[in-house]
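Q: The lines below spell out each chain.
2 protein chains.
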Amino acid sequence: MDKSAAVGRELSTAVVMFHEAVGQKLGVSAGDQRALTLLRGGPLTAGALAKEIGLTPGAVTGMVDRLEGAGLVRREPDPNDRRRVLVTPTTPGHNAHSNVFTDLSAAMAAMMTRYSPAEQKIISDFVDRTVDVLKEQTAKLTVKK
Amino acid sequence: MDKSAAVGRELSTAVVMFHEAVGQKLGVSAGDQRALTLLRGGPLTAGALAKEIGLTPGAVTGMVDRLEGAGLVRREPDPNDRRRVLVTPTTPGHNAHSNVFTDLSAAMAAMMTRYSPAEQKIISDFVDRTVDVLKEQTAKLTVKK
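Line order of the protein sequences matches chains Z and W. As numbered in my numbering, residues 405 to 549 make up the first sequence, in order. As numbered in my numbering, residues 405 to 549 make up the second sequence, in order.
Since the hints were made in silico from the structure, they are not lab data.
The list cannot tell twin chains apart, which means a pair is met if one copy fits it or any two copies do.
Lysine-lysine pairs mimicking DSBU-like chemistry, simulated, CA-CA at most 35 Å apart:
1) Lys455 x Lys539
2) Lys539 x Lys429
3) Lys455 x Lys544
Bear in mind the structure is a predicted one, so any value in this text is a computation, not a measurement.
Could you put together the complete structure from these sequences and hints?
A: This is how it looks when you write it as structure tokens:
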């Protein structure tokens with residue numbers, strides 16, 4: 405399985421390099437982009453962001469400060485509970501992030517057309533299981549620290 | 405292809421989060437780890453590292469300074485050309501990085517056993533092509549900046 409380890413390293417390096425290039429373009433770190441990615445699903449409280457990202461509340465406050473400073477998100481009161489503050493992408497933040505990923509999604513979609521539906525099913529299963537493995541290993545590293 | 409875009413985002417977030425957890429454990433940023441990963445293939449000059457990583461020489465100097473400060477790499481003269489300086493992982497640097505990835509590689513290898521050789525070939529092809537797409541998109545982002 406040495407081949408799969410080497411391939412995994414290459415994939416993982418390629419993902420990290422892509423995120424860094426996106427970060428340089430948007431003026432935010434690869435880490436801070438995770439918040440933007442998560443917020444594409446809708447506004448979140450800082451606490452929910454912290455939990456999803458696996459950061460301390462203090463670190464998430466710094467992350468939201470940086471994204472707010474870059475004009476990519478804003479803090480606003482939750483309309484359903486005025487005591488809570490939601491973090492929301494601004495329109496420029498949403499668009500800048502979207503444009504970058506639109507090109508990637510289109511290129512990935514074009515690449516995927518070379519696979520048959522049965523092959524795509526195997527690939528999708530592999531990706532799901534890889535995400536599970538990565539999450540488990542990330543949790544192990546975080547606990548052992 | 406919306407499913408593939410969503411899956412891609414989830415995979416890419418999982419990779420970034422894993423790298424950040426590794427970085428926190430080793431005391432280096434996710435970006436700086438790329439240098440450690442590349443150096444697993446053997447010592448490199450700072451110039452070769454800069455080219456591989458896609459950073460300016462100045463940024464790579466800072467990266468090597470940080471890794472050297474953390475005791476993970478050292479600079480030493482190239483035995484074949486004393487005017488050149490090679491960046492080499494230290495033994496503790498090599499081991500710390502290895503241990504983290506040994507667990508991940510083992511978990512990935514165990515997961516891969518569920519696929520037949522024919523399925524593994526499709527997966528390997530998909531991963532290779534995904535790396536190509538990511539590299540192309542990274543290059544486009546870097547040029548357009």
